[in-house]
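*Asks:* Here is what each chain is made of, one letter per residue.
2 protein chains.
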Amino acid sequence: MRVIVTGGDGYLGWPQAMYLSKRGYDICVVDNFNRRLWDLECGTDSLIPIFSLQERVAAWRELTGNTIEIAIGDLTDHNFISSVVRDFKPDAIVHYGEQRSAPFSMIDRHHSVLTQVNNLVGTLNVVYAIRDHVPECHLVKLGTMGEYGTPNIDIEEGFIEITHNGRTDTLPFPKQPGSFYHLSKVHDSHNIHFACKIWEIRATDLNQGVVYGIETDETLLDERLATRFDYDGIWGTVLNRFCIEAAIGHPLTVHGKGGQTRGYLNIRDTMRCIEIAIEKPAKAGEYRVFNQFTEQFSVGQLADLIQAAAKQKGHTVEIQHVPDPRVEAEVHYYNAKHTKLIDLGLKPKLLSNVLIDSVLDKVEQYKHRVKKDRIAALVNWRRTTNAVGYGASSSKEDQASSEPASERKPAAHAGRR
Amino acid sequence: MRVIVTGGDGYLGWPQAMYLSKRGYDICVVDNFNRRLWDLECGTDSLIPIFSLQERVAAWRELTGNTIEIAIGDLTDHNFISSVVRDFKPDAIVHYGEQRSAPFSMIDRHHSVLTQVNNLVGTLNVVYAIRDHVPECHLVKLGTMGEYGTPNIDIEEGFIEITHNGRTDTLPFPKQPGSFYHLSKVHDSHNIHFACKIWEIRATDLNQGVVYGIETDETLLDERLATRFDYDGIWGTVLNRFCIEAAIGHPLTVHGKGGQTRGYLNIRDTMRCIEIAIEKPAKAGEYRVFNQFTEQFSVGQLADLIQAAAKQKGHTVEIQHVPDPRVEAEVHYYNAKHTKLIDLGLKPKLLSNVLIDSVLDKVEQYKHRVKKDRIAALVNWRRTTNAVGYGASSSKEDQASSEPASERKPAAHAGRR
Chain A
1 MRVIVTGGDG YLGWPQAMYL SKRGYDICVV DNFNRRLWDL ECGTDSLIPI
51 FSLQERVAAW RELTGNTIEI AIGDLTDHNF ISSVVRDFKP DAIVHYGEQR
101 SAPFSMIDRH HSVLTQVNNL VGTLNVVYAI RDHVPECHLV KLGTMGEYGT
151 PNIDIEEGFI EITHNGRTDT LPFPKQPGSF YHLSKVHDSH NIHFACKIWE
201 IRATDLNQGV VYGIETDETL LDERLATRFD YDGIWGTVLN RFCIEAAIGH
251 PLTVHGKGGQ TRGYLNIRDT MRCIEIAIEK PAKAGEYRVF NQFTEQFSVG
301 QLADLIQAAA KQKGHTVEIQ HVPDPRVEAE VHYYNAKHTK LIDLGLKPKL
351 LSNVLIDSVL DKVEQYKHRV KKDRIAALVN WRRTTNAVGY GASSSKEDQA
401 SSEPASERKP AAHAGRR
Chain B
1 MRVIVTGGDG YLGWPQAMYL SKRGYDICVV DNFNRRLWDL ECGTDSLIPI
51 FSLQERVAAW RELTGNTIEI AIGDLTDHNF ISSVVRDFKP DAIVHYGEQR
101 SAPFSMIDRH HSVLTQVNNL VGTLNVVYAI RDHVPECHLV KLGTMGEYGT
151 PNIDIEEGFI EITHNGRTDT LPFPKQPGSF YHLSKVHDSH NIHFACKIWE
201 IRATDLNQGV VYGIETDETL LDERLATRFD YDGIWGTVLN RFCIEAAIGH
251 PLTVHGKGGQ TRGYLNIRDT MRCIEIAIEK PAKAGEYRVF NQFTEQFSVG
301 QLADLIQAAA KQKGHTVEIQ HVPDPRVEAE VHYYNAKHTK LIDLGLKPKL
351 LSNVLIDSVL DKVEQYKHRV KKDRIAALVN WRRTTNAVGY GASSSKEDQA
401 SSEPASERKP AAHAGRR
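If you read the protein sequences in the order shown, they are chains A and B.
Each residue of the first sequence is one higher than the one before, counting from 1 in the working numbering.
Each residue of the second sequence is one higher than the one before, counting from 1 in the working numbering.
Keep in mind that the hints were calculated from the coordinates and are not lab data.
Quantities reported herein were computed from a predicted structural model and do not represent experimental measurements.
Treat the hints with caution; some may be incorrect.
If several chains are the same, the list does not tell them apart, and a pair holds so long as it fits within one copy or across any two.
In silico lysine to aspartate or glutamate, EDC-like type, Cα no more than 16 angstroms apart, as pairs [claimed, not checked]:
hint, residue 1, residue 2
1, K197, E330
2, K337, E157
3, K197, E328
4, K311, E364
5, K197, D324
6, K371, D39
7, K362, E156
8, K257, D304
9, K372, D217
10, K362, E215
When you get a sec, could you build the whole thing from the sequences and use the hints?
*Replies:* Encoded structure:
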């Protein structure tokens, strides 16, 4: 079975490519290295050193004998992705290739437009390429639980049966996304749903929770196969940030009251969920949605877990509440369904002290690489200009007028920032 | 009170500008003439001759003594719209400035991307300009009833109270838009809703039905003030098309079974609805949604009405069912609420034989201008390439790879088609 992994140089895309390659899938990874470029802009970097995509693929071939193909280019360049799809003839496309940071999308107007145009045009191009060249191909799209927001009712998996004034219909679950990034994912979902309806293509939309963990069986084979570990205020997620704070003796910074509750899952479960989706594809014309997470935690609960784990290692860590840089409910009801992937065979690996320990150990090993001024939240949702980069240009509005992603080659991006 | 009308050279924008100018509002119209440019591309034209925006504004001043300001530029050019908003300091922005044809958005990949990027980026730029320069300004955004699709339950005005597993919340009404154009409006709605939440700006989203009619008190003053009348397969709506078909002795072409039911309203009611929204603005941080239409009709009912009106004028017209070029339910339940604008003072002008007669007379007067090969539906939803323009370039995919709207001046658009 032939699979394209877009964003195949990323945190999840790269381990996913290896995971599937090891299990006999023929893989082509697509990337334009925007993620590495944006690290340069934001002054951020993976805690764990990562190798170039070419080195990764070479190491993978050396160690396993398996070849992973590479196609370097921008999904917003339709000629590029269309020809890759036409020539590779995938049975499935796993679509990780999007700008995926909420804070990055909230830096300023330039970054919100960049995020929405990049994600929306890239996804439309993938959908058109499928329709035009491989109409039977299964699109597996990474969405986010953040599309739903925090409604005061149970969150269903994509659709909800509504009875109203004596009539009943099953309709898309109402969305209340909390950033321009999350909004871009909602836009994608609507576009893909429509494309399935009019062109009878098949798609699975995986509304993923927050992923934690850095190791899979494949990344552990060799340091050259490691995936990135983001801990900073732009790209990092809360569990990673707490581990870093614990390691460097900084209080665990909880945004606001800490009641913000979300779904979480282990990186190993992400790998398996994608495999499950590919193994049992959507039917022609079907747009199906799975909620891809295994456990719910509030931010406060995670802080307590990390504090306890650090204590077992002999570190005393404080918990500190700081003003919430986001506009969100700090305490709320949250109960999201997540049974469909389990019904299809997922056996969750729940968050344990063992995992937290291993992450803390890894952080300890690399803590000399921590950029301390990048840990705190750098972007305030209430502002339309946030100075994030080190240079003046990243938030200068006059420069922001040049639109981002559309159909330019990566080199052009680099030149323009 | 100071009001910017974006898309102020368009079918509704121009009469809206005059309507408000007459009532004492200080008006600035913003337009980049994309709509006229797209007519050149599609080989389409207004049945009624229309004058240039400069001639219109000059005639208006000559006849009424009122000045309407003009700002010519592209909403996707942030520097342009931001400086217009900064300098004009509007109390309200009436946002008509979007690509508004469903068939145009379905021509091919280029046009779907053009539509979504144009509408989404333009609207984001307007929202950022409000936040940065006139945070109290009221955004009045034209949406469409087509955002809702045709659910099997009553359609509420923007939000619906849902009780689920014993809990209740009021959530955005689920959307099932039926074209990439309609999708762009859903994306806008989500973006604006979020902006109201995080920045406490105020917005009214008017989900408008299909507008019919060509005359307002203002357009009737002088032929130089006429607004456009679109009847073709790209820009025309069903009532207009039927009138043209009746006038030239062509059968009324009903798509599919003709049970497609939608909300409709008179152009004079559109004018008044906007005034109502401006007079009674949304509160700071409020995102409110009104369904802006006055009557529901099925396509089959409209065909019967036109057939009867034509008969009274001595014309015998057949009704002909043709395959539906869209992917949509041809027969369905439809009951959409529309009481909020009436509660605020709208007195609907319902569709009458008098109005149909006046439209038929107008069509008779100009029927020598009808382009017969442009009447039929030119775009099939099931295809990803539809040849619409007369030249080869409009659907040539290699050319379509250059992205559309982003931050280029109108002249650049013209050169690129």
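*Asks:* Run every hint past the structure and note whether it holds.
*Replies:* For each hint, the structure was consulted:
1. K197 x E330: between (38 angstroms within a copy, 15 angstroms between copies)
2. K337 x E157: within (6 angstroms within a copy, 28 angstroms between copies)
3. K197 x E328: Between. Shortest inter-copy distance 9 angstroms satisfies the 16 angstroms Cα cut-off; intra-copy 33 angstroms does not.
4. K311 x E364: within (14 angstroms within a copy, 87 angstroms between copies)
5. K197 x D324: between (40 angstroms within a copy, 15 angstroms between copies)
6. K371 x D39: This pair counts as within: shortest intra-copy Cα distance 12 angstroms, inter-copy 55 angstroms.
7. K362 x E156: neither (36 angstroms within a copy, 53 angstroms between copies)
8. K257 x D304: within (13 angstroms within a copy, 62 angstroms between copies)
9. K372 x D217: Answer is neither: 30 angstroms inside a copy and 66 angstroms across each miss the 16 angstroms cutoff.
10. K362 x E215: Close inside one copy (10 angstroms), not across copies (72 angstroms); limit 16 angstroms.
Of the numbered hints stated above, those contradicted by the structure are hints 7, 9, listed in ascending order.
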